[in-house]
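The sequence shown begins at 1 in my numbering and counts up one residue at a time.
In case anyone wonders, no lab produced these hints; they're calculated from the structure. A portion of the hints provided could be inaccurate.
To be verified - Here are the simulated distance ranges between beta carbons:
1) Val184 with Leu131: 14 to 24 Å
2) Lys30 with Ser211: 33 to 43 Å
3) Arg133 with Ala81: 38 to 48 Å
4) Gln164 with Ala19: 30 to 40 Å
5) Ser177 with Glu67: 13 to 23 Å
6) Thr9 with Thr113: 42 to 52 Å
7) Pro36 with Glu149: 35 to 45 Å
These figures come from a predicted structure and were not determined experimentally. Note that the Cβ used here is the ideal one computed from N, Cα and C, for glycine as well.
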Amino acid sequence: MAKERERLTYEQARAAVQAAGWTTQQVYRKNWRQIPGLPSAPEQVYREWQDWRTFLGTARRFLTLEEASAAVQAQGYQSSAEYEARYQEVEGLPSNPDRFYEEFPGWGTFLGTGRTRRQPTPLSFAEARTLARSLGLGSSTEYFQKVQEDHRLPTRPTAFPEWQGWEDFLQLPGRLSYIEASQVVREMGVTDARAYARLYRQHSSLPSMPSEVYPEWQGWAAFLGQEEGKPSRFLSYDEACRTVRRAGIISFRQYSQVYRQYPGLPSTPNKVYSEWQGWEVFLKGN
1 MAKERERLTY
11 EQARAAVQAA
21 GWTTQQVYRK
31 NWRQIPGLPS
41 APEQVYREWQ
51 DWRTFLGTAR
61 RFLTLEEASA
71 AVQAQGYQSS
81 AEYEARYQEV
91 EGLPSNPDRF
101 YEEFPGWGTF
111 LGTGRTRRQP
121 TPLSFAEART
131 LARSLGLGSS
141 TEYFQKVQED
151 HRLPTRPTAF
161 PEWQGWEDFL
171 QLPGRLSYIE
181 ASQVVREMGV
191 TDARAYARLY
201 RQHSSLPSMP
211 SEVYPEWQGW
221 AAFLGQEEGK
231 PSRFLSYDEA
241 CRTVRRAGII
251 SFRQYSQVYR
261 QYPGLPSTPN
271 KVYSEWQGWE
281 VFLKGN
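Could you put together the complete structure from these sequences and hints?
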């Protein structure tokens, strides 16, 4: 069996595709095999994923707060209402600068008029989630597009301490766990990878590439129930703890770089081990 390619990190993959000049999702799907280490479905693999435009580097570049303030003063905008009506005349201006810029000083200072107006009270997490769900958005990409139109939506919802992921925030169909997905495909009578590719869409919560989504992945035979009783390829939690401590691994970043050197260590131990108590405990103990 050919050796599995070492997968690039999100930042490495992002730099690689931008250097290659790929500007659309379709181009990526057609050419991803040209760059070793790229996953076929990066939106399912990377926890840092935001949207395709950010990944491919085609997202619109916005002016800094200082640049935006200088631009609107040069244009002579006199009020927030005039700004909202004319901001598209200047490339790089956000539709809602009072929410886009964390250090927004107020409309009077921003426009150079000296006049201010009371800013709307930011939505709480629960309020923002209720609003986002009511809009029927199907992905984070659609959400960030909507942010440009609806100024009530927070530009950084992931910063809320209550954040639990996009599936919760937008009320998307939840993805099945590895065990649940394995049970479903067995009940569906899926017998090989080719059959899975034809049939997985019949269940909305099955991923298109389970081999890249599930850290517990041990091959199609195990996933489809054709190797009952096969032991896990991962070390137990206690064995993994002893291994990383003997190796002197002291940070998540270091672990991500070297775990492949130690057979049995998973790439995402926080997802694999039910005993997980955090990286500090895993790497250093109590």
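Item to complete: May I ask you to test the hint 35 to 45 Å on the CB atoms belonging to Pro36 and Glu149?
Response: Holds, since Pro36 and Glu149 (Cβ atoms, about 40 Å apart) stay within the stated range.
Worksheet item: If you check the beta carbons of Ser177 and Glu67, does the distance land in 13 to 23 Å?
Response: Violated - the Cβ-Cβ distance for Ser177 and Glu67, about 46 Å, lies outside 13 to 23 Å.
Practice prompt. With respect to the beta-carbon atoms only, verify the hint that Arg133 and Ala81 lie 38 to 48 Å apart.
Written response: violated, 30 Å
Item to complete: Can you let me know if the beta-carbon spacing of Thr9 and Thr113 is within 42 to 52 Å?
Response: holds, 46 Å
Worksheet item: Should the hint that Lys30 and Ser211 are 33 to 43 Å apart at their CB atoms be regarded as holding?
Response: Hint violated: Cβ distance 20 Å, outside 33 to 43 Å.
Worksheet item: Do the Cβ positions of Gln164 and Ala19 conform to the proposed distance bound of 30 to 40 Å?
Response: holds, 34 Å
Worksheet item: Okay, Val184 versus Leu131 on CB: inside 14 to 24 Å?
Response: violated, 33 Å
Hint compliance for this structure: hints 1, 2, 3 and 5 are not met, and every other hint is.
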